[in-house]
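Protein chains: 2
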Amino acid sequence: MNNSQTIQIIGAGLCGSLLALRLGQRGFNVEVFEKRPDLRKVDLSAGRSINLAFSNRGIKAMNLVGLQHKVKPLCIPMYGRMLHDLEGNTTLSPYSGRENEYINSISRNDLNALLLEEAEALANVTIHFNHKCTAVDFENTSSTFYKYENKTEYSRKADVIIGTDGAGSVLRKSYYLGKKFLFSFSQDYLTHGYKELTILPKENGDYKTFKNALHIWGRDAFMLIALPNLDGSFTVTLFLNYDDGEYNFNNLTSENQVRAFFSTYFKDALELMPNLVEDFFKNPTSPLGTVKCSPWHYKGNTLLLGDAAHAIVPFYGQGMNASFEDITEFDALLDKEYNNWESLFKAFESSRKKDTDAIADLAIDNFHEMKGHVNQAIFREKRNLEMAFEKTFPDLYASKYALVTFNENIGYRQAMLRGRAQDKAILNMLADGDITMPLNITDRTWLEETLKQVQIETDNILEEDRVAKNMHH
Amino acid sequence: MNNSQTIQIIGAGLCGSLLALRLGQRGFNVEVFEKRPDLRKVDLSAGRSINLAFSNRGIKAMNLVGLQHKVKPLCIPMYGRMLHDLEGNTTLSPYSGRENEYINSISRNDLNALLLEEAEALANVTIHFNHKCTAVDFENTSSTFYKYENKTEYSRKADVIIGTDGAGSVLRKSYYLGKKFLFSFSQDYLTHGYKELTILPKENGDYKTFKNALHIWGRDAFMLIALPNLDGSFTVTLFLNYDDGEYNFNNLTSENQVRAFFSTYFKDALELMPNLVEDFFKNPTSPLGTVKCSPWHYKGNTLLLGDAAHAIVPFYGQGMNASFEDITEFDALLDKEYNNWESLFKAFESSRKKDTDAIADLAIDNFHEMKGHVNQAIFREKRNLEMAFEKTFPDLYASKYALVTFNENIGYRQAMLRGRAQDKAILNMLADGDITMPLNITDRTWLEETLKQVQIETDNILEEDRVAKNMHH
Chain A
1 MNNSQTIQII GAGLCGSLLA LRLGQRGFNV EVFEKRPDLR KVDLSAGRSI NLAFSNRGIK
61 AMNLVGLQHK VKPLCIPMYG RMLHDLEGNT TLSPYSGREN EYINSISRND LNALLLEEAE
121 ALANVTIHFN HKCTAVDFEN TSSTFYKYEN KTEYSRKADV IIGTDGAGSV LRKSYYLGKK
181 FLFSFSQDYL THGYKELTIL PKENGDYKTF KNALHIWGRD AFMLIALPNL DGSFTVTLFL
241 NYDDGEYNFN NLTSENQVRA FFSTYFKDAL ELMPNLVEDF FKNPTSPLGT VKCSPWHYKG
301 NTLLLGDAAH AIVPFYGQGM NASFEDITEF DALLDKEYNN WESLFKAFES SRKKDTDAIA
361 DLAIDNFHEM KGHVNQAIFR EKRNLEMAFE KTFPDLYASK YALVTFNENI GYRQAMLRGR
421 AQDKAILNML ADGDITMPLN ITDRTWLEET LKQVQIETDN ILEEDRVAKN MHH
Chain B
1 MNNSQTIQII GAGLCGSLLA LRLGQRGFNV EVFEKRPDLR KVDLSAGRSI NLAFSNRGIK
61 AMNLVGLQHK VKPLCIPMYG RMLHDLEGNT TLSPYSGREN EYINSISRND LNALLLEEAE
121 ALANVTIHFN HKCTAVDFEN TSSTFYKYEN KTEYSRKADV IIGTDGAGSV LRKSYYLGKK
181 FLFSFSQDYL THGYKELTIL PKENGDYKTF KNALHIWGRD AFMLIALPNL DGSFTVTLFL
241 NYDDGEYNFN NLTSENQVRA FFSTYFKDAL ELMPNLVEDF FKNPTSPLGT VKCSPWHYKG
301 NTLLLGDAAH AIVPFYGQGM NASFEDITEF DALLDKEYNN WESLFKAFES SRKKDTDAIA
361 DLAIDNFHEM KGHVNQAIFR EKRNLEMAFE KTFPDLYASK YALVTFNENI GYRQAMLRGR
421 AQDKAILNML ADGDITMPLN ITDRTWLEET LKQVQIETDN ILEEDRVAKN MHH
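Residue numbers (the UniProt record's numbering), protein chains in the order written: chain A, 1 to 473; chain B, 1 to 473.
No lab work stands behind these hints: they were computed from the structure. Each hint should be verified, as a subset may be incorrect.
What the hints assert, rightly or not - Calculated from the model, a selection of chain A residues having no Cβ within reach of chain B, i.e. all distances over 12 angstroms:
#1 L182
#2 Y242
#3 T290
#4 N339
#5 K424
#6 L430
#7 E464
#8 N470
What the hints assert, rightly or not - Pairwise CB distance ranges, derived in the manner of DEER restraints:
#9 B:T152 <-> A:R40: 49 to 59 angstroms
#10 A:K147 <-> B:G178: 21 to 31 angstroms
#11 A:D43 <-> B:S351: 18 to 28 angstroms
#12 A:G245 <-> B:L122: 40 to 50 angstroms
#13 B:N140 <-> A:L122: 39 to 49 angstroms
#14 A:Q453 <-> B:P438: 33 to 43 angstroms
#15 A:E87 <-> B:P394: 57 to 67 angstroms
#16 A:R40 <-> B:T144: 43 to 53 angstroms
#17 A:G245 <-> B:N140: 22 to 32 angstroms
#18 A:F181 <-> B:H128: 53 to 63 angstroms
#19 A:T442 <-> B:W446: 29 to 39 angstroms
#20 B:L462 <-> A:E87: 34 to 44 angstroms
All C-beta atoms in this analysis are idealised placements derived from N, C-alpha and C, irrespective of residue type, glycine included.
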């Protein structure tokens, strides 16, 4: 596409600032509008989503814009899940049997600041903070902005408008309310909400618990997790039902109840959080929702990207990674010969949406896996077997988690289909006694034979689904 | 519940008028508000959804209100699908191997008129036509209505408000826009729309083609269907993409194009429709959408029922039947001991939603089946085998279609799970050569042995899914 055009970007969060940087690198005139103040100057965290899981698909996008070396120092490797049981015993369950496969904890703010810095350094990129988009006229490729500074409103046209304005996207809302075309849309809330808490550093600045893991206290009906920050603290998140169960967000209204809840279910975590009660009542409880929609674009005028097009729940640690992958894939299409933006947008959605739909569904699956299944014997046996496969035959096997997280050259949908079939194969072979775990799981001959069986059964499952899908797609 | 209460019903379509009748029979004070004029006095059809498929789940509701004998004369039995190929050759594919299992074509208008008549005959039911609901204050259980007659607006309170106001429900919209609770919601449009056409009767009033079938001209990318009316005509519906393919709704803009399209793909239908072109340009093109949402109720104040809660595409002929089944199931809960409406509404949604979600998905599957799969050899072999099972062992086998359509005592979700597993089993056994269709398919010994294999394989599939679902529900 002709890079003398002006691209307007609504929203300078992680997705919008990366997009601005990349389009700026390609020479487009880029105008970014962000409703909040500049996060490099003001603390905006307000107790929400302080750190994030960052992995291969996100790293690939950093490579694209040449920021891999600047991002690296912001990352804290997490090699596995540190499972905490009711008594406070811990087990490290690695994310992969391959040593180079791990995820990272990263500060949303630090990463966003880096991306803004790099984008703003380009002469052809301008970023306007404190500009709230109030409506998008997608027919005329024009947005209206409210300027907080002087309380005035004005409109701004562009050749193309891209909405990276997150789960509550104003551009998406204008599609829905405009009723000018058939707009498929869904918002799905879990019955659980979340609240962020903190494990502060020791007085000497050290971490109070093991730094290089994602800590999980899975209690079936609810769970607590913790991710490390660079300053020695951990950001802790409680996922809990709003109104079902003995303890829920609606009935945890007194300090005593909160302490009783934590001392019953998260005893060892409570010991690390003398500040628990204060955090609990200070920080907001937020909902967990999935947003899907289609079409993402209106003609060649406007396009939704990132959470604005496909917000997901956080349980696969893929929200930011999926948004970054949007940009990698969108960027790849800019190298191809499209006659106009409309055909490029159409091609983008048609190749990309199947993958963002898949990660949305996987993220919900993983909620159930994290809060409960990790504790089940059959699940642990499956994980042990998969780790042994990955360790012994690193080129021959990748678990569903590895396919999704560490295989950035496979789309999410492909990862989901193969990963689910593998899970189904192994779980059924374990349940049927077709696999009996030996005392010595590192026995190479046994592992090789078992892997062969798992692969045959996985292929069978995929083939049987394929035959049946001819009927119900 | 205490029947001295006043129940307000928004919408007097099929679902609302049946609900009014049933609640009236139970002694409640029922006030119904309908935005359109009384359809017994004014012709409202305007070329949309003139007739509907009516089957066991709907009939069960008619039995509940004692109308089975009055409905019967309105019904035209359809014993199977009459498949029309490109050359105009026809094959009747029965809906069941059991003789008493068939579906019916019924006039939406006639059935709605009957229900209104019966409801209005009750002293405790009043129906207000030309009253358009403009908003529902669900917190205060009060609706606002616009009266077309004198162009005034007024509010009306009730003990309970039930929204049976269809796919475009105002009550549902008030949940969405009110943002007082987490409201999960989806609207999903197919890329196909539909347009109704007509095969008029012969001059002597006879049917121009076989009366007792649902006619299908399936052409993979699009299809035409026809259902009989009591007056000798057929209502024909064209399902076609809006903008993809050689012919689509957007490019069929001239009489010649419409004639060329029909003479290429629906030659024998065209011969029965000298009025085609006129109908085509007179009648609207309408979208095909699925609506799901949750919760259906707000506290014990308001409840969505029928299409307002779960609008589906028409391809399983279950839209009206599902709405009527809502009422049968809601009515059954009124016999139980609930302390308040809120707990009754909660129990209703929690047992009912899984079934309406299932029929929504089944209806989309059936779109693909009707327009394409019915023509595939493997699908025809499966149907032949299933018909032979049902004919020879009527108590031992029911196809997915029969489970959904003729087994009103099995929920849609159960029907879907078992039906899909059976389809998968048979299709894979055919594809793998585990079943080879004999020349004489009525051979009882072969059929018995084959049925046994199918049942074992079906149970295997269900069990394997169950084991795997422990991971991703």
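Here is how each hint holds up against the structure:
no., hint, result
1, L182, "violated, 4 angstroms"
2, Y242, "violated, 8 angstroms"
3, T290, "violated, 9 angstroms"
4, N339, "holds, 17 angstroms"
5, K424, "violated, 4 angstroms"
6, L430, "violated, 9 angstroms"
7, E464, "violated, 5 angstroms"
8, N470, "violated, 7 angstroms"
9, B:T152 <-> A:R40: 49 to 59 angstroms, "holds, 57 angstroms"
10, A:K147 <-> B:G178: 21 to 31 angstroms, "holds, 30 angstroms"
11, A:D43 <-> B:S351: 18 to 28 angstroms, "violated, 48 angstroms"
12, A:G245 <-> B:L122: 40 to 50 angstroms, "holds, 44 angstroms"
13, B:N140 <-> A:L122: 39 to 49 angstroms, "violated, 55 angstroms"
14, A:Q453 <-> B:P438: 33 to 43 angstroms, "holds, 34 angstroms"
15, A:E87 <-> B:P394: 57 to 67 angstroms, "holds, 58 angstroms"
16, A:R40 <-> B:T144: 43 to 53 angstroms, "holds, 49 angstroms"
17, A:G245 <-> B:N140: 22 to 32 angstroms, "holds, 30 angstroms"
18, A:F181 <-> B:H128: 53 to 63 angstroms, "violated, 35 angstroms"
19, A:T442 <-> B:W446: 29 to 39 angstroms, "violated, 50 angstroms"
20, B:L462 <-> A:E87: 34 to 44 angstroms, "holds, 38 angstroms"
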